[in-house]
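Use these hints to put chain B with the ligands onto chain A, whose structure you have.
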Amino acid sequence: MSQVAGALHDGWIVTKRNLIKIKRVPDLLIFSTIQPIMFVLLFAYVFGGAIKVPGVNYKEYLMAGIFTQTVAFGSSLTAIGLADDLTKGIVDRFRSLPMSRAAVLIGRTTSDLLNNLLVVVVMGLCGLLVGWRIHTGILGALAGFGVLFLFGYAMSWIAAVIGLAARSVEVAQSAGFIWLFPMTFLSNAFIPTDTLPSWLQPVADWNPISSIVLGLRDLWGNAPEGLARGSGFPAQHPVLLAALWSVAIVAVFMPLAIAKYRRVSTR
Amino acid sequence: MADAIVAEGLVKTYGSIRALDHLDLKVSEGTVLGLLGPNGAGKTTCVRILATLLRPDAGRVSVAGIDVLAHPQRVRQVIGLSGQYAAVDDNLTGYENLEMIGRLYQLGKATARRRAHELLERFELADAAKRTVKTYSGGMRRRLDLAAALITSPPVIFLDEPTTGLDPRSRLGMWDVINERVRSGSTLLLTTQYLEEADQLADEIVVIDHGRAIARGTANELKRQVAGERLEITVALDSEFEAVRAAVEKVCGEVPDADHLTRRVGAPAGSGTRTLLDVARLLDAAGIEPLDIGIRRATLDDVFLTLTGQAAEEDETKASGSATGSRQRTGRGKTGRDETEGVR
Ligand SMILES: Nc1ncnc2c1ncn2[C@@H]1O[C@H](COP(=O)(O)OP(=O)(O)OP(=O)(O)O)[C@@H](O)[C@H]1O
Ligand SMILES: [Mg+2]
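The listed protein sequences derive, respectively, from chains A and B.
Taking numbering that gives the first Met the number 0, the leading residue of the first sequence gets 0, the next gets one more, and so forth.
Taking numbering that gives the first Met the number 0, the leading residue of the second sequence gets 0, the next gets one more, and so forth.
Worth flagging that the hints you see were computed from the coordinates, not collected in a lab.
Fair warning: this is a prediction, and the values are worked out from it, not measured in the lab.
The calculated lysine-lysine pairs, modelled on BS3-like cross-linking and capped at a C-alpha distance of 25 Å, are:
1) A:LYS20 - B:LYS108
2) B:LYS133 - A:LYS87
3) B:LYS129 - A:LYS20
4) A:LYS87 - A:LYS22
5) A:LYS87 - A:LYS15
6) A:LYS20 - B:LYS133
7) A:LYS15 - B:LYS133
8) A:LYS15 - B:LYS108
9) B:LYS129 - A:LYS15
10) A:LYS22 - B:LYS133
11) B:LYS129 - A:LYS87
12) A:LYS87 - A:LYS259
13) B:LYS108 - B:LYS129
14) B:LYS129 - A:LYS22
15) A:LYS22 - B:LYS108
Over the 10 Å line for every Cβ pair with chain A, so calculated as not near, a few chain B residues:
16) ALA109
17) GLU117
18) ASP166
19) TYR193
20) ARG223
21) GLU228
22) PRO267
23) ILE287
24) GLU288
25) ARG295
Every residue gets a Cβ at the ideal spot worked out from N, C-alpha and C, and that includes glycine.
The shape of chain A in the complex, shown without the other chains (with noise of 0.2 Å):
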């Protein structure tokens, strides 16, 4: 068996025990969905009033940031998930097994995957609810939900190398999360990045989550004509550069988990 295809061998099997516990212990996923839910609501009627922002409905203008903002978050499942199968012991076990160096990664990230794809789902509803529509069709709908499972996974390696270097659950669940608040809001998220600081604008507009926001509303026909943009080469290939960002993230953070998986040991 090639080392690729024993990955995915294993990987399903860790997947499936990870599903199990998303079955049986189901308070994590509802938690991981009120959360976005909150934030729609939050958005659409309490600030949705005070930020105005020119050419667009702000609902219309919210949802793609909500997204995003919902599959970064999402990630810091990874982390305490990791975190959590080494404080028990459970990656000892792992370890001592003849199975891949990848498995243990490649199951969490992938049933964090899931998980994310459930909450995307409720919360897709609730913007319908609140008036959010995707109007470019099936296929730009399916585009940009593409882009944004990509973006969520890619993110899910990082959090995979915090839970791996957290010492403790509680460690990781911070880690895991604290310095995606600073990601997301310095973004076009919720805000046209040319209300901020002229010397903000640019860290914004090259900021990821700005390409993956931004991607998504030229995807579903979020960004009207005489949107704001923000400016540069990220203002005009959001998409490209999602893509590029997402894939560039898993190219660097899965070798580096990986290789941090065989090092660690259970403290």
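Structure of chain B with the ligands alone, referenced to chain A:
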């Protein structure tokens, strides 16, 4: 016979603590090595290195003829490990745990299922097979963890305190299973706090302390080496005490320990039962009938306490000579866990 497990000059340090200090081990194929030692001696560290979970700072390790440091993945195919703390998944059922582990050992679906059922049966967990492990008692988890280690009938097995937390019946059951595995050819390294267990299961015992081997041999060799055999006699009457003392001194050739209060006399029995018979004859001739007379063999407890006690004394002598010799002593003997353990 070939050596199934070889460790040479293992060193592992954690900061200023030397968990292993040039430890050598050899286990012949098809035999059982018992690793004994007080809390914090380095037993778990040693097992983790042998089972590919930890890299030593120095030393050579091979398992089933495979270099552990160079080819860990190949070693993993031939070992079964049950660590000190049960590593089973709370959210899976007992059956699901075993089936998953079988599959990850690269067994086919059907084989993994069959083995899972067989082992659940063997470890008396069949009734609980469909319950999540969360609902298991400590002993049940422990048994499931052991079952997981044996799912492929591996040629080399590492068990770190396999029967800690088991009730006496389960412990006996475990010994049966272990003996079965060894009879069918597996090599076993086990650590234990129960000296009786080492006595029962191990062909050879290595006592370690501070990461060094301080004694090795069969259980009997160790007992002889440390305490040998003692003759002990208790008499009913004060008036007989002096005569017994004299008889023992005459036969054993040295001044016996004599406790007037309990009317007990004891001395090393140089020639074993011969000594006993000689003294008995003298007493019989003098018309003395003792309350109790016999040869007492040292138990492994004696061995353990004597050896680790000696090591501790030597340490203190060394430490008193140096300003930095303040290594923390931790719980000794059978009870009292090392403070550094427990929370993880
Ligand atoms: N991860 C670690 N970090 C720091 N010190 C450690 C670590 N693991 C073990 N030690 C130290 O190494 C020494 C040996 O530990 P080890 O767990 O091997 O002992 P043990 O013989 O298994 O003890 P016990 O009978 O309590 O299980 C101890 O002093 C312990 O505190
Ligand atoms: Mg231990």
